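Start from the sequences, fold in the hints, and give me the full structure.
Here the UniProt record's numbering is used: the first residue of the sequence shown is 1, the next is one more, and so on.
Hints were generated in silico from the structure; no laboratory data involved.
A couple of the hints might just be wrong.
No more than 20 Å apart at the CA atoms, straight line, and that leaves these computed lysine to any residue pairs for SDA-like [as the list claims (entries may be wrong)]:
(1) K47 to P71
(2) K182 to I150
(3) K47 to V61
(4) K54 to R13
(5) K203 to Y183
(6) K256 to W275
(7) K245 to E266
(8) K47 to P152
(9) K224 to S258
(10) K211 to R226
(11) K277 to I295
(12) K119 to Y98
(13) K182 to R112
(14) K345 to L251
(15) K181 to V25
(16) K327 to V299
(17) K119 to K181
(18) K54 to F17
(19) K47 to E27
(20) K182 to N76
(21) K153 to E178
(22) K181 to L121
(23) K153 to E29
(24) K151 to P108
(25) K47 to E209
(26) K151 to E178
(27) K103 to V67
(28) K203 to G216
(29) K47 to I150
Keep in mind the model is a prediction, meaning the values are calculated, not measured.
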Amino acid sequence: MPGMVELRNVVVRLRYFTLGPINTVFERETYNVILGPTGSGKSTLLKTIAGIYKVSEGNVVIDGIDVSKEPPETRNVSYVPQGYAIFDHMTVYENIEYGLRFKGIPKPERRRLIIEIAKDLGIDYLLNRRAVNLSGGEQQRVALARALVIKPKVLLLDEPLSMLDRETRDRIILMLRELPKKYGITVVHVTHDWDEAYSLADKVYIMNEGKVLEEGDPEQVFNKPRSVFTARFLGFQNIIRGSAKGNLVVLNGEVKLSINGEADGEVYVCIRPEWIKVMVDNGVGLEGHNVLRGIVDEVIRSRIGYQLLVSVGRGLVLTALSATAFKPGDRVLLIIPSENVHVIKSNETVKV
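Printed below as a string of structure tokens:
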């Protein structure tokens, strides 16, 4: 069975930006999250699937049908823009009804569908309220109700949580995660927020400069990225050039780390700060390739601990995360399990 949305050699040429070529598939009843920096083409990709932008080359296929030349209204796709596009002068009921009226659904059927979706999303008590008086979370649910009530095959969400406070976002995330199975739809969601992507995605797509650089399940993309760009974008603060031979990598010609698996030649070593265990160096005890002695250069306090910049050897500084409040000048041991030393072969990386 083909995927619900297939992009085949899709290229979109805009005045100052080119999207693609892109070849990818969004499977049926899955939650797909597209991550990338500002200007990478995430929203352009959504608008291309929606039909707002026309393809210059290639094909957009939805549910096995080539819709490349079809207008947005015939694609059976719902698109929720970043600002929700709620009509302030209308009631919640009228906002949800908008797409149904456009499709020519009879009034009694419209009412049944509106009440049903409003109850589903917990906003039935808001139906007679004017949209201008809604909170951010309420607006988000109204936008979703309007998008879902027309029973689309594909739901496109452009940064749907960016305008919400943390508590409201956490509640909405729980609701969003249920959408694919509950409504039998494929969701494509754009964001630049790592936590959001990790919480929601069945599959993550990394974009930059109009192209999809890599895709995979969140565990693989976040912990074993295939490119230096992805590693840097997703918070690997320790990305160091080195040379590998067998199950050993050497950094700066002197610091040795053992790895799981084998590699040879020039590589990038990628280690997340939270993967490094920090201990006081009392001058005795642990030795080995993955136990490094260092001196704390700088301490940055954060809500998840203390970020330490530690000098290790000549000119090599590693960033580690610690629950202990070390201070500059402290001597420490950095313990890095071999399974946490992620290696990317130099010829598989993109521009740093």
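Worksheet item: Which earlier hints can't be squared with this structure?
Response: No hint contradicted; all consistent.
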